[in-house]
Each structure stands twice: as C-alpha cells, then as structure tokens.
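Letter by letter, the chains look like this.
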Amino acid sequence: MRPIRRNAALAAGALLSALFVGAALLSFAWTPYDVAGLQVAERLKPPSAAHWMGTDHFGRDVASMILVGARNSLAVALVAAGLGMLVGVPLGLLAAARRGWVDELVMRTNDLVFAFPSLLLTIMITAVAGPGAINAVIAIGVFNIPVFARVARGAALSLWTRDYVLAARVAGKGATAISLQHILPNILALLIVQGTIQFSMGVLAEAALSYVGLGAQPPIPSWGRMLNEAQTMIGFAPWLAIFPGLAVVLTVMGLNLLGDGLRDALDPKLEGRR
Amino acid sequence: MALLQIDNLRLSIGEAEILKGVSLMLEAGEILGLVGESGSGKSMTSMSVLGLLPPGARLAGAIRLDGEDLLKAGEARLRQLRGADIGFVFQEPMTALNPLTPIGDQVAEAVRLHRKVGRAEALKVAADALARAGLPNDRFPLSRYPHELSGGQRQRVAIAIATALKPKLLIADEPTTALDVTTQAQILDLLKTLAREDGAGLILITHDLAVVAEMADQVAILQAGEVVEAGPTGPLFRNLTHPYARRLAADAVLAKAAPPVTAETPAEVLRVEDVVRTYPGPRPVPWARPQAFTAVDGVSLSVRAGETVGLVGESGSGKSTLLRAVLGLDALQGGRISLVGRPFPPSRRGEARKARRDVQAVFQDPYGSFDPRWRVADLIAEPFHLMTDAPSGEARRARIVAMLERVGLDAAAADRFPHQFSGGQRQRIAIARALITEPKLVVLDEAVSALDVTVRAQILELLAELSRELGVAYLFVTHDLGVVRATCHRVLVMQNGRIVEAGETQAVFADPQHPYTRGLIAATPDLERALAARA
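Keeping their order, the protein sequence lines are chains W and V.
All residue numbers for the first sequence refer to numbering that gives the first Met the number 0, where the first residue is 0 and numbers rise by one.
All residue numbers for the second sequence refer to numbering that gives the first Met the number 0, where the first residue is 0 and numbers rise by one.
Since the hints were made in silico from the structure, they are not lab data.
The structure displayed is predicted, hence computed values, not measured ones.
Hints are not guaranteed to be accurate.
[Stated by the list, open to error] List time: in silico EDC-like cross-link candidates among lysine to aspartate or glutamate, alpha-carbon distance up to 16 Å:
(1) V:LYS71 x V:ASP127
(2) W:LYS172 x V:ASP357
(3) V:LYS165 x V:ASP127
(4) V:LYS439 x V:ASP357
(5) V:LYS167 x V:ASP65
(6) W:LYS172 x V:ASP329
(7) V:LYS165 x V:ASP84
(8) V:LYS123 x V:GLU147
(9) W:LYS172 x V:ASP377
(10) V:LYS439 x V:GLU468
(11) V:LYS71 x V:GLU91
(12) W:LYS172 x V:GLU350
[As the list claims (entries may be wrong)] Distance windows between CB atoms, simulated:
(13) W:GLY99 x V:ARG395: 54 to 62 Å
(14) V:TYR366 x W:ILE133: 46 to 54 Å
(15) V:GLY334 x W:THR175: 23 to 31 Å
(16) W:THR175 x V:SER11: 47 to 55 Å
(17) V:GLU404 x W:ALA28: 56 to 64 Å
(18) V:SER11 x W:LEU245: 31 to 39 Å
(19) W:ASP33 x V:ASP414: 29 to 37 Å
(20) V:TYR366 x W:PRO237: 41 to 49 Å
(21) V:ASN97 x W:LEU245: 42 to 50 Å
(22) V:VAL284 x W:ARG97: 52 to 60 Å
(23) V:ASP414 x W:ARG97: 41 to 49 Å
[As the list claims (entries may be wrong)] Only some residues are given here: those of chain V computed to face chain W with a beta carbon under 10 Å:
(24) GLY38
(25) GLY327
(26) ARG352
(27) ARG356
(28) SER368
(29) ASP370
(30) ARG374
Cβ coordinates follow ideal geometry from the N, Cα and C atoms, glycine included.
This is chain W alone, in the form it adopts within the complex:
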C-alpha cells in the first residue's frame, strides 16, 4: 500500500506546484481584470460570478492580484533557491574534496551564517539596503547557501569513500574532475529535493517580508502585502485574507509534498531497479 500513498502525495504535490507555476505564467498573458486599474465603485465586493474572489478596498479584482502575486513569489523564490544552489553546492563539493583547513573554513563560516535567525537577518538586510524585490531575493538567497553547502558536503563525503572514487584517483583524475564527473551526478537527486524544499521556504519568506512591507513594493501585488492590507478589514471583508492565505498555504504545502515525493521516488536505494 505504501508506494501508492507515496505516489498520491507526489501527484498532489506536483499538481499544486504546477497550478502555482501555471498561475504565474498565465498572469503574463491574461488576468480577469487589470490589477492596476482602480475601480472605486466596485470596492469591497464579496466573491461573485464577476469577481470570483471578490474585490479589495480599491476595487481591484482579488483573483487577478493572486495570479500576478504568484509571478512575484515564483520569481523571488526561484532566484533565491538558485542563488543558494549555485554558490552553496560548489562550496560543499570543495569542502568535501579538499578537507583540512578548507573544509573547516567553509563549514565554520556556514555555521556562522546558520547561527543567525534567518528571517530576522533578512529583515535587517532589507531594512538597511532598502525594501524591494531584488534585495529580498538576495537576503533570502544568502541564507540558502549554507543549507546547500551542508547537504552537498555531507553527501559528497560519503561518496568520497567509495571504491569508484578510488578507481578514478588511480585513473589519475584530480579532485575537480572527480567532483564534477562522479560526485555531482550522484548527489543531484538529493539536491533537487533540497531545492524544492528551499523553494517552498522562499515562497514563505517572500510572503513574510512583503507582509512587513519589505518585499515587493506597491503597486506590484504580492501575497504577503495582500494579507497585511486585509488585516484591518478581516471583520467585514474576510475574502481579502482568505484567498491570499490559501494561496500561500497551498503553494508551500504543494512544494513540500513534491519534495517529499521526489525524495522517495529518487531514493538511491531503489536505484538498482531503474
């Protein structure tokens, strides 16, 4: 029974993630209404056939804002996870290959970054560098670096003891060639899984930053700021909080399910049955 349940989780995760990415892509081509257009006459309308998710206090269509907000979340989370991976993975591979003082330097620096509560420091960085999507991306990305470095180093270390790495050394290959040809392909599955999880955390972090006003700036719609603005109106216009909240929850849940499902599907122990 277990494989079926796992596959169901993977399928649900993939579906939710696809919806998220699809919404972001769709927003470039089409939205039900223009998110920049203020229609004061239509303000604070509850969900109806014309406005599926209602309208906000400026009369903007919530459904359209959610679609455009997805674009913003996707971009920030993707670039942040990518930044973490591009810098963290080579650092981890380097630490595992060189060991000794290089390893110590890389990993202790990692520990230093890890020691700070990431969201707090992200808020500090954006507060100092000024709010905005770009600064949010960099701040979130920096805290992804040690995560990827640690995962890559741990997995690489266990591979360095394998006989096939020894065989490659006997074949005269250096640490760089071995890392790229033997180590990286064999830890890729793990990195993809970690990437998915960091991606979902990026979505959450972006929402949190926008919520406190340090993410994407108006008039760009973002889920976090929608939640913030809905706060004062939650008593008489609950849809303003419910829909962006649901969007964040479903996206993060979907990406996490996808990560878990991928981890099971790419389990190296099952590899022999490929």
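Assemble the complex: chain W is given as a structure, and chain V must be docked to it using the hints.
Chain V in isolation, oriented as in the chain W frame:
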C-alpha cells in the same frame, strides 16, 4: 523424532520460485552444514524456519520443530519461538547490534522478551551468556558498547544473544564471512562448543565447503532452490555424485601447487624500500601534538615483471595502507617507492600521469567500484585519462570492445550499466578497466574475496591467463591463504605494519618460520585436511 524436519518446502516470492521442494533433517546435538552459492536459497530456507520472509512470500510443505508444524503456527507463536527455542546469528556483526545500547542490555533484552524476570535477573543471565560466549565479565563489563569491541567480539555478543536462552535450534548464517581467518576459527569453535553443551541442533549456512567439512555432521548442498546432495559429511564428500556438487568441491580446492618461479630474473617493476605511513592519532590534550599511529612500519618489497606476489595479513595489519601507498594515493612519511625503475609518484607533476599508467588496481567490492550512473564503456575507458595517446572515436570503441572480449564479456556489455551484471561479471569489468592502459603492475585488493567459489576459480583463471599473455605483474593483497597458495609465486606475510615473513609460496607453506604465519595457516579452513582428519 528429529529436532527439525523440513519436508518438501516450496517458497515463491512474486513470480520467482525460490525453493523447489527442499527436504532437510536435523537431530538434536548435530550440526547441519547448508552450502550453496549466492542465490541458491540457503538463507531463504533459514528465514522460512524463522517465519521471517519478505512480504508476498508463499510457502508450501512443512517445517516441523520438535513435531510442531511452524507453517501452521501463527505470528504470535513464532515470536515465542524466535529467540527462545530458535537462536539466530547473522553474518554482519557490525550491523547486527544496536549501537546505542550496552551489550549487557542487548543480551538481557532477549531474555526479558521470553522470561518474566526483572532487569537485574536478566542481566545476570546476560552476564552468564556473555561469559559462555568468551566475553568474561571482568574484562568485558556489561556496560560496554558495540563500537568498543572488535568484529570477532561483536559476533560473540550476537552469539550470546542467540544462545542466552539455550535454544533447541541455533541457526548461523555465514557467521564468519566478515571475519579474519584466526577469528573465524575461534568463532566456529565457539558455536560448536555451545551447541554441544546445550545439546542444540546447529544449522551452519556458508559458502565455504572447507568450513563445513571441518564442522558439520550432516551436509546439504543447495543449487537453485533444490537440495542436490545431502548426507553425513565424511561419506558425502568422498562420494559426490551430482555434477554441481563435484564442481563446487573442485573449485573450492584450488590447485595446491603454486605456479613455478620463472628461471631468469626479469626486471623489477615495483620496488618498495623502508616505506613508513603514519596517521595522526588522537591528541591527549587539545594543544598537544597528535600522537602518530604507524600503519606501515619500514616495509620493503619488490615485484618482478610477470610475477604474482601475495600480501597476506589480517585486518589492521596495514596491508591496505601499503597498497594505497603503492598506488601513489597517499604521501609517505619515510622510504621510497619506485615503479619500473623511476621514483613513484614522480615529483614533477607532468610525469605523474605517465607513471600512473603503469600501475592500476582492482578493488574488493564488485558492487562499489563502479559509478552507478556510468555506462560500462565509459567506466572501462576512465584510465584513458592517463594516456597522452589515448584513442578516440572508432579506435576508442574498438579498444574497449577488444578489452571486454579479452576478459570474457561480449561487446554488447559496453552500453549497459554496472547494475545489470553479476558480481563475477563486474569483477571482469574491473579487470578490463585495470588493464586498458597496459600497465606493468596491477594491484588486486581482495579482488576475489566477495565471489562464490566457482566464480572465484574462473576469475583466478582469467587473471593467470592475462598475466601469461600480457606479462603483467600482480600484487595480490588478500586474507585468503588458499588463493595465495594457488596463484602466487612469492608470498609476504604482514603483521602490525611489518612484513614478518617472505619467501617462495611453496617454501613458506611447507615450512612457515614465523609463529604468526603458522597460526594463519592452521586457522585457514582446508577441505582436504578436514576430510583427511575425518577418515
């Protein structure tokens, strides 16, 4: 009534038929040797007795323990039997124990599962069981953790767990495969003694016919889920009728005569002089210099062209460290290594590649020595990296195919992945990889230890053939004296980082000088010697 009677046992898992009507009988106080190659169904037979089969397994037939049919017993009844009436010892002492629990508690746990006794009482039983298994309380207190014990000592703990409740039936599945020969001899002796003392029946599962010939009263030889030969040990070995059993016995007894030493003295391909390898040990205090642990302590040896030299020793003797040094993987703390007359590894970086081409290696584990994501063609061609004149395109492919055919595989193998091959075939691939740069010396690190006897014989035959044709020399690192005796011109015995005995194989085996060598030879199971002792 027999203690254990297995009648026409059939086992299938999914579509695969694992056991095809196995019948066995074991009397109390007897030892039954269950022999066969990997996949013959010997472990599955014992798992059937324990009722520990993978999900989806279907059993038919009967397994009677003291007259009670275990196939009809429910899981609750089987749980009562396991550990109390049936004791089990696994192959791998490193993973069979819980690393977080002291050994006393691990034995006591087995006691408390089956007897209504308090913790103190159970620990007393555990102390007795451990003492009986050769771990007396004063030297091995119950509070020891598994990681503080050697492999042999851990296997003694596993045996104490299995025998604490004096089971009627003891099953040992390859209990010594992971151990050194001298430790193996002690563990086998212990199992025999404990079974005799308790009047228990012992099923000894092994791939080693010599072990069975020394230990067992009854033998059953399994092939592909069928018993092809069974009976009392002595008569059975004297009169093997089934062709598979005969082949197994023939392959187990490797040729006793070592190959003759070539008359002229060819050039030296490897010369190792006073090599020292030390590792930094623990620091007594954080600011102190780490104490050095000397793994290889002033070793000298030489290998001549076309020669096979055996390097034997138990784990921890330093032979693997020496081997890494010979391969130029680690820096030396003293001494020199020269390869084909040139210092190795060369000090100039550009020459390192050229020199490395002359020494290649085959490793022990046929499963771990290949990147699972590479195709065989690319795996074999990896050492081309060392050649400035490496072939490319069609020529590269032709060279790979020629090498594959040379080691007895067909050209189609080139495009497959390593997991599509058996252990023996993988070892052939490893040999192809080692020989593709036409090295002068190949280091074989326990290269046949993980293989079944028949496959082992084939691989050794292949190695000998390649040596004759290509003139390549081997440095054969192994703990298996049988292999050394059959294949090596000269043998070096290593203990505690030093070479304690060296000489021509025949001379060393006929008249070992060092007590350690004598101990090793005596501890090595020998089919012919065991059978002679029985006659």
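Each hint tested on the structure:
For a cut-off of 16 Å, the pair hint linking LYS71 (chain V) to ASP127 (chain V) is broken: about 34 Å separates their Cα positions. Distance restraint check for LYS172 (chain W) and ASP357 (chain V): the Cα-Cα separation of roughly 15 Å lies within the 16 Å cut-off, and the hinted pair is therefore satisfied. Note on LYS165 (chain V) and ASP127 (chain V): the hinted pairing holds, with a Cα-Cα distance of about 11 Å set against a maximum of 16 Å. Distance restraint check for LYS439 (chain V) and ASP357 (chain V): the Cα-Cα separation of roughly 5 Å lies within the 16 Å cut-off, and the hinted pair is therefore satisfied.
Between the alpha carbons of LYS167 (chain V) and ASP65 (chain V) the distance comes to roughly 9 Å, so the proposed pair stays at or under 16 Å and holds. With a CA separation close to 14 Å, the supplied pair LYS172 (chain W) and ASP329 (chain V) stays within the 16 Å bound. Between LYS165 (chain V) and ASP84 (chain V) the alpha-carbon distance is near 7 Å, which keeps this suggested pair within the 16 Å criterion. The suggested pairing of LYS123 (chain V) with GLU147 (chain V) is violated, with an alpha-carbon distance near 21 Å, which exceeds 16 Å.
With a CA separation close to 14 Å, the supplied pair LYS172 (chain W) and ASP377 (chain V) stays within the 16 Å bound. Between the alpha carbons of LYS439 (chain V) and GLU468 (chain V) the distance comes to roughly 12 Å, so the proposed pair stays at or under 16 Å and holds. For the suggested pair LYS71 (chain V) and GLU91 (chain V), the alpha carbons sit about 31 Å apart, so the restraint of at most 16 Å is broken. Only pairs whose Cα atoms come within 16 Å are accepted, and LYS172 (chain W) paired with GLU350 (chain V) is accepted, the gap being roughly 14 Å.
For the pair GLY99 (chain W) and ARG395 (chain V), the beta carbons lie near 37 Å from each other, so the given range of 54 to 62 Å is not met. The given range of 46 to 54 Å is respected by TYR366 (chain V) and ILE133 (chain W), whose C-beta atoms sit roughly 49 Å from each other. Between GLY334 (chain V) and THR175 (chain W) the C-beta distance comes to about 30 Å, which sits within the given range of 23 to 31 Å. At about 50 Å, the beta-carbon gap between THR175 (chain W) and SER11 (chain V) stays in the expected band of 47 to 55 Å.
Checked against the hint of 56 to 64 Å, the C-beta distance between GLU404 (chain V) and ALA28 (chain W) comes to roughly 59 Å, which is consistent with it. Evaluation of the 31 to 39 Å hint for SER11 (chain V) and LEU245 (chain W) yields a failure: the beta carbon distance comes to about 51 Å. One distance hint, 29 to 37 Å for the beta-carbon pair ASP33 (chain W) and ASP414 (chain V), is violated here, with the actual separation near 57 Å. TYR366 (chain V) and PRO237 (chain W) have their C-beta atoms about 60 Å apart, which leaves the hinted 41 to 49 Å range violated.
Range check, ASN97 (chain V) to LEU245 (chain W): Cβ separation about 46 Å, and the 42 to 50 Å hint holds. Between VAL284 (chain V) and ARG97 (chain W) the beta carbons are some 27 Å apart, a value that contradicts the proposed interval 52 to 60 Å. Here the CB-CB span from ASP414 (chain V) to ARG97 (chain W) is close to 35 Å, at odds with the stated 41 to 49 Å. For the restraint placing GLY38 (chain V) at the interface with chain W, the shortest Cβ-Cβ distance is roughly 15 Å, beyond the 10 Å limit, so the hint is violated.
Evaluation of the GLY327 (chain V) hint against chain W yields a held restraint, the C-beta minimum of about 8 Å falling below 10 Å. With 10 Å as the threshold, the beta carbon of ARG352 (chain V) comes within range of chain W, its nearest partner Cβ sitting at about 5 Å, so the hint holds. For ARG356 (chain V), the interface hint holds, since its Cβ comes within 10 Å of a Cβ in chain W; the closest pair sits about 8 Å apart. With its C-beta approaching chain W no nearer than about 4 Å, SER368 (chain V) sits inside the 10 Å limit, and its interface hint holds.
Using the Cβ-Cβ criterion of 10 Å, the hint placing ASP370 (chain V) at the interface with chain W is satisfied: the shortest such distance is roughly 5 Å. With a cut of 10 Å, the hint placing ARG374 (chain V) at the interface with chain W is violated, because the nearest CB-to-CB distance is about 12 Å.
When held up to the earlier numbered hints, the structure conflicts with 1, 8, 11, 13, 18, 19, 20, 22, 23, 24 and 30 and fits the remainder.
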